[in-house]
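One-letter residues, chain by chain:
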Amino acid sequence: MFESTNLDLFPYPFHNIKEGSNYRYSNDLRKLDRDRMNCVRVTPEYEKQIKRKRQLLIEQPNVRFQSYPHTMEMQWEVAEMLMTMAVEAHPEHFKLEKNGSQWTFHNLILNEKESFIFGDASSIELEPLDLIGRHFATDFVLMVNRDDNLYLEVAQESYAALFSPHWNKGMTFDEIHGPVPFVSRTGVPLAEKVRQFLLTNVLPGEPWTRINWNLMANRWDVNYETHDTWGPTRYLVTPENAGELVRLRVEEQFFYRMPRSNAILFVLNTQFLAMKDLAQRPEWLNQTYSILSDIPKPMADYKGFTPFIEPTVEYLKNLVQKVSLQAK
Amino acid sequence: MVYNSPVLFDKSATMVEKFTVRQKRRKLLIISTLPREAGLIQQLLDESNGQQQYELIEIHDEFSLKNIGDVLNRQKMGTQLYILAPWDEAVTIFTEAIEAGFSEDEIQTHILGEKKRYVYCMKCYHLQEVEVDETDTICYHCQISLEIGPFFSRERKGYIGYPYNPALVIAN
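Residue numbers (the working numbering), protein chains in the order written: chain D, 1 to 328; chain L, 329 to 500.
Incorrect hints may appear among the rest.
As the list claims (entries may be wrong) - Below, a list of computed lysine to aspartate or glutamate pairs in the EDC-like style, where the Cα atoms sit at most 20 Å apart:
1. Lys-113/D <-> Glu-97/D
2. Lys-444/L <-> Asp-461/L
3. Lys-404/L <-> Glu-432/L
4. Lys-339/L <-> Glu-175/D
5. Lys-485/L <-> Asp-174/D
6. Lys-485/L <-> Glu-175/D
7. Lys-303/D <-> Glu-97/D
8. Lys-404/L <-> Glu-383/L
9. Lys-303/D <-> Glu-192/D
10. Lys-339/L <-> Asp-174/D
11. Lys-485/L <-> Glu-432/L
12. Lys-169/D <-> Glu-483/L
13. Lys-51/D <-> Asp-221/D
14. Lys-193/D <-> Asp-148/D
15. Lys-485/L <-> Asp-464/L
16. Lys-443/L <-> Asp-464/L
17. Lys-444/L <-> Glu-483/L
18. Lys-303/D <-> Glu-475/L
What the hints assert, rightly or not - Here chain D is said to cover these stretches of chain L; the calculated rule only asks that three of the stretch's residues, wherever they fall, bring their Cβ under 8 Å from a Cβ of chain D:
19. 447 to 461
20. 484 to 494
Said to hold, decoys possible - If you anchor each label on the Cβ, the simulated ranges turn out as follows:
21. Arg-350/L <-> Thr-84/D: 49 to 57 Å
22. Lys-352/L <-> Glu-97/D: 54 to 62 Å
23. Asn-377/L <-> Asn-212/D: 38 to 46 Å
24. Gln-456/L <-> Ile-109/D: 39 to 47 Å
25. Glu-345/L <-> Glu-310/D: 43 to 51 Å
26. Gly-367/L <-> Glu-206/D: 55 to 63 Å
27. Arg-54/D <-> Ile-466/L: 32 to 40 Å
28. Glu-310/D <-> Glu-459/L: 32 to 40 Å
29. Gln-456/L <-> Asp-174/D: 38 to 46 Å
30. Ile-466/L <-> Gln-321/D: 46 to 54 Å
Hints are computed from structural coordinates only; laboratory data are not their basis.
Fair warning: this is a prediction, and the values are worked out from it, not measured in the lab.
For each residue, glycine too, the CB sits at the ideal point set by N, CA and C.
Taking the hints into account, I'd like the entire structure generated from these sequences.
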């Protein structure tokens with residue numbers, strides 16, 4: 001339903017890996033170029049994704065949105081940044097009217113408007129980030145900087161990958177990444193290294209990015225709450241059905257230092273590509289096949305795709321052969 | 329208490345088998361609910377060898393436990409706290425100490441008897457006690473099977489309980 005149909009907009013995760021090289025965990029953050037700093041994207045799947053996101057937020061508010069009462073001012077700051085970015089990136093789709101502190105945000109794609117007194121939480125029914133976040137297909141996590149660490153204080157998530165705003169609320173960056181079983185070349189736990197990097201380098205006006213990826217078996221969203229449902233489905237994948245069931249799940253992550261609160265906003269743009277659709281880009285297909293063929297088991301275990309990596313690789317091997325024969 | 333205040337759990341950084349002296353502390357405050365563990369306290373005092381001032385509070389009833397906050401609040405900077413108690417009393421003392429401004433680094437806890445462990449059901453968000461060595465359990469509230477994970481949440485005050493369907497696990 002949400003599979004990327006415009007591959008030019010799909011954040012293919014292995015662009016920066018040299019041909020013939022394999023994927024290993026590393027600190028792969030990159031500073032965003034000035035023309036890429038805006039995180040608002042409108043893809044052909046925008047309306048479907050927004051519909052799905054709102055449905056999840058309505059049906060499972062406790063699962064999908066969490067915050068502390070003291071974060072209101074921080075949330076307004078984020079909401080202002082997102083609305084401003086939306087208008088800058090897509091003036092044909094979004095409009096923001098300001099009359100003193102009385103603001104109206106127009107979403108012309110959905111033909112909706114949100115009117116509120118900026119900074120006054122009592123003028124809206126939802127919390128500021130929950131309200132404005134529902135106009136964007138991306139997920140949002142606000143990590144507050146205290147004691148040389150980052151604490152999760154607000155999160156709106158509809159495409160979880162082994163993450164839960166409810167469970168992870170209040171955790172430090174290191175606690176959230178506790179399951180990451182890798183260390184850097186210098187022996188420092190990777191999560192600690194990345195945290196230090198974020199704290200030092202993500203500055204106001206200087207956002208960074210990285211691309212995270214995973215494989216999902218017939219699911220858009222795997223959170224802890226539904227572990228009993230999606231856990232077993234991972235065993236249904238075969239070399240015959242992997243093309244349909246298995247998707248490359250890509251999470252384009254943006255990191256913004258909020259100038260007033262000093263918190264770091266994580267914006268997560270999640271897109272999916274079915275294994276069968278890799279055939280549309282043979283160079284992506286060949287590289288993905290090569291990388292997945294050589295994934296270390298601890299990495300597959302951590303990412304949760306050990307149960308179906310073998311049939312997926314088998315499927316890709318067959319697809320590579322088929323595409324290569326067609327090309328001759 | 330604020331949301332990221334430390335809480336006492338079985339793998340708390342404050343848990344020790346034996347008390348040790350922190351050289352830069354000016355005072356040792358020992359709070360014990362069981363005087364028969366005098367050996368552990370004496371060992372600490374021997375190690376200190378009179379270099380630090382010490383205060384020993386022995387709690388014998390619920391009334392004095394309730395007033396432990398007063399004792400903790402009147403402590404000055406540089407006090408190292410030693411808690412020697414069964415689980416429930418240790419939790420009360422620990423929580424009061426955090427409230428009074430102690431950090432985990434300033435507390436050592438020795439539990440007499442069994443430690444308690446809690447699991448947080450990720451299906452229904454119910455918190456329940458489990459045995460220390462249990463790896464799986466059933467949620468009392470929603471009856472789902474839970475695999476007890478290694479990750480602890482201060483906010484939820486328990487270890488993560490991953491819901492699963494045992495019939496499907498066996499089939500795999």
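Now the hints, each set against the structure:
1. Lys-113/D <-> Glu-97/D: holds, 10 Å
2. Lys-444/L <-> Asp-461/L: holds, 10 Å
3. Lys-404/L <-> Glu-432/L: holds, 16 Å
4. Lys-339/L <-> Glu-175/D: Given pair Lys-339/L, Glu-175/D holds - Cα atoms ~14 Å apart, limit 20 Å.
5. Lys-485/L <-> Asp-174/D: holds, 17 Å
6. Lys-485/L <-> Glu-175/D: Since the Cα atoms of Lys-485/L and Glu-175/D sit roughly 14 Å apart, the hinted pair holds (cutoff 20 Å).
7. Lys-303/D <-> Glu-97/D: violated, 43 Å
8. Lys-404/L <-> Glu-383/L: holds, 12 Å
9. Lys-303/D <-> Glu-192/D: holds, 19 Å
10. Lys-339/L <-> Asp-174/D: holds, 16 Å
11. Lys-485/L <-> Glu-432/L: Cα-Cα ~16 Å, so holds.
12. Lys-169/D <-> Glu-483/L: Satisfied, since the Cα-Cα distance of roughly 7 Å is no more than 20 Å.
13. Lys-51/D <-> Asp-221/D: holds, 15 Å
14. Lys-193/D <-> Asp-148/D: OK: Lys-193/D and Asp-148/D at ~12 Å, within 20 Å.
15. Lys-485/L <-> Asp-464/L: With a Cα-Cα distance of about 18 Å, the restraint between Lys-485/L and Asp-464/L holds, given a limit of 20 Å.
16. Lys-443/L <-> Asp-464/L: Holds - the C-alpha atoms of Asp-464/L and Lys-443/L are around 18 Å apart, at most 20 Å.
17. Lys-444/L <-> Glu-483/L: holds, 17 Å
18. Lys-303/D <-> Glu-475/L: holds, 18 Å
19. 447 to 461: holds (count 4)
20. 484 to 494: holds (count 6)
21. Arg-350/L <-> Thr-84/D: 49 to 57 Å: holds, 51 Å
22. Lys-352/L <-> Glu-97/D: 54 to 62 Å: holds, 60 Å
23. Asn-377/L <-> Asn-212/D: 38 to 46 Å: Check failed, 54 Å falls outside 38 to 46 Å.
24. Gln-456/L <-> Ile-109/D: 39 to 47 Å: holds, 46 Å
25. Glu-345/L <-> Glu-310/D: 43 to 51 Å: At 45 Å between Cβs, range holds.
26. Gly-367/L <-> Glu-206/D: 55 to 63 Å: holds, 58 Å
27. Arg-54/D <-> Ile-466/L: 32 to 40 Å: At 34 Å between Cβs, range holds.
28. Glu-310/D <-> Glu-459/L: 32 to 40 Å: holds, 36 Å
29. Gln-456/L <-> Asp-174/D: 38 to 46 Å: Violated - the Cβ-Cβ distance for Gln-456/L and Asp-174/D, about 27 Å, lies outside 38 to 46 Å.
30. Ile-466/L <-> Gln-321/D: 46 to 54 Å: holds, 48 Å
The structure fails hints 7, 23 and 29 (numbered hints given earlier, in ascending order).
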